[in-house]
Amino acid sequence: MTEQMHWPAHYNGADREMIEATLKWIQERDYTQAGLARLARISASSLNQILKGTYATSPTKLLASVESAMRHADETSGHAMAPVQTSVFKLMNTACDMARRYRNFAVMTGFVGTGKTFALKYYVSTHPNTYFIEAAPTMTQASLTKQLYRLVVGTGKGSIADKFDDLVASLKNTDALLIVDEAETLTPNQLHTIRRVRDLAGIGIVLAGTEHLSGLIKPQHGQFDQIRSRTGFWPGTVTGITAEDAAALVQSAFGAEEVADDVIARLFAYCKGSARMLVEGLIAGIKEFRKNRPLDVKLVDAVAKQALCLQSLA
Numbered sequence: 161m162t163e164q165m166h167w168p169a170h171y172n173g174a175d176r177e178m179i180e181a182t183l184k185w186i187q188e189r190d191y192t193q194a195g196l197a198r199l200a201r202i203s204a205s206s207l208n209q210i211l212k213g214t215y216a217t218s219p220t221k222l223l224a225s226v227e228s229a230m231r232h233a234d235e236t237s238g239h240a241m242a243p244v245q246t247s248v249f250k251l252m253n254t255a256c257d258m259a260r261r262y263r264n265f266a267v268m269t270g271f272v273g274t275g276k277t278f279a280l281k282y283y284v285s286t287h288p289n290t291y292f293i294e295a296a297p298t299m300t301q302a303s304l305t306k307q308l309y310r311l312v313v314g315t316g317k318g319s320i321a322d323k324f325d326d327l328v329a330s331l332k333n334t335d336a337l338l339i340v341d342e343a344e345t346l347t348p349n350q351l352h353t354i355r356r357v358r359d360l361a362g363i364g365i366v367l368a369g370t371e372h373l374s375g376l377i378k379p380q381h382g383q384f385d386q387i388r389s390r391t392g393f394w395p396g397t398v399t400g401i402t403a404e405d406a407a408a409l410v411q412s413a414f415g416a417e418e419v420a421d422d423v424i425a426r427l428f429a430y431c432k433g434s435a436r437m438l439v440e441g442l443i444a445g446i447k448e449f450r451k452n453r454p455l456d457v458k459l460v461d462a463v464a465k466q467a468l469c470l471q472s473l474a
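Using our numbering, the first residue of the sequence shown is number 161, and each one after it goes up by one.
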């Protein structure tokens, strides 16, 4: 099919091969172009033009997004959801990559339920030499050192000071990255330990938490002041997922089934920017109670009201 088309000069050979693969993928999985466009976070009209060879500029960058979307869709099995690359997911990856590359701190803050932890844990699972811990109010400076030691070095005897030295020695001259979630619960002593690990081992560290973390770091001469001066990436607080994020998550959840725009809009309105409410509440509820009913706004309203006790938007 594609060999008979007259391709514009700005379509290179790799673009043409990717278009061929995309058309085949759509046909084999009975996907719609609109559904794939949602997963790829590009407009349906742009994807249609690319596949027809009428896109005005080079399609290479957008085709990369399409390829990633197809790969993620294929990773979905049963009721498990693929790691959709939402705006939050991409921001967390950027923070991790920058902290690792420049061996300094990155600070990521966001409202509860926006998908921070999911993105960070997925990063850990796909990037070697990356370590993840969750801070807690009950954690002491000694217990923090022990936890880091077990995570990086393993089991062993010795004093806290010995364990700290071994920890630094194991991390030094590596591209290791340490991610600390729930970082707003850290105490000054725990922060001192983490900062010393970074300074002595020369590794990158990501501090992630709720919006309250920013309030602790911003004041000059506060308990986080030495962290603030070492932070190379610190975007604004994530308040919620976008409408485009929601569309991609919904499409990923329902696979090849075409989801109407009004259904996606209603789901986004109910979740109020929370990826957790959307995925673990609304989408899970629809899959559980749908039976053979059509996926429409009435079903969404029914699940929201009867399963989740949400105020009706009807």
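These are computed hints drawn from the structure, not numbers from a lab.
Treat the hints with caution; some may be incorrect.
Pairs of lysine to aspartate or glutamate residues, derived as EDC-like cross-links and limited to a Cα-Cα distance of at most 16 Å, are as follows [what the hints assert, rightly or not]:
no.: 1; residue 1: Lys458; residue 2: Asp421
no.: 2; residue 1: Lys458; residue 2: Glu404
no.: 3; residue 1: Lys250; residue 2: Asp234
no.: 4; residue 1: Lys212; residue 2: Asp257
no.: 5; residue 1: Lys250; residue 2: Asp422
no.: 6; residue 1: Lys306; residue 2: Asp335
no.: 7; residue 1: Lys221; residue 2: Glu177
no.: 8; residue 1: Lys447; residue 2: Asp461
no.: 9; residue 1: Lys212; residue 2: Asp234
no.: 10; residue 1: Lys281; residue 2: Glu227
no.: 11; residue 1: Lys281; residue 2: Glu342
no.: 12; residue 1: Lys332; residue 2: Glu294
no.: 13; residue 1: Lys306; residue 2: Asp325
Okay, the hints, checked on the actual structure:
A C-alpha spacing of about 14 Å is found between Lys458 and Asp421, which places the hinted pair at or below 16 Å, so the restraint holds. Distance hint between Lys458 and Glu404 is unfulfilled; the C-alpha atoms sit about 22 Å from each other, more than 16 Å. Straight-line distance between C-alpha atoms of Lys250 and Asp234 comes to about 19 Å, which puts the hinted pair past the 16 Å bound. A threshold of 16 Å between alpha carbons decides the hint, and for Lys212 with Asp257 the separation of about 36 Å lies outside it, so the pair is violated.
Distance check on the hinted pair: Lys250 and Asp422 sit about 26 Å apart at the alpha-carbon level, beyond 16 Å; violated. For the hint pairing Lys306 with Asp335, the CA-to-CA distance comes to about 21 Å; that exceeds 16 Å, so the pair is violated. Between the alpha carbons of Lys221 and Glu177 the distance comes to roughly 14 Å, so the proposed pair stays at or under 16 Å and holds. As the CA atoms of Lys447 and Asp461 are separated by approximately 14 Å, the hinted pair is consistent with the 16 Å bound.
This hinted pair does not check out: Lys212 and Asp234 have alpha carbons roughly 24 Å apart, beyond 16 Å. Only pairs whose Cα atoms come within 16 Å are accepted, and Lys281 paired with Glu227 is rejected, the gap being roughly 23 Å. Simply put, Lys281 and Glu342 have alpha-carbon atoms about 13 Å apart, close enough for the 16 Å limit, and the pair holds. Only pairs whose Cα atoms come within 16 Å are accepted, and Lys332 paired with Glu294 is rejected, the gap being roughly 22 Å.
Restraint check for Lys306 and Asp325: satisfied, since their Cα atoms lie roughly 12 Å apart, inside the 16 Å limit.
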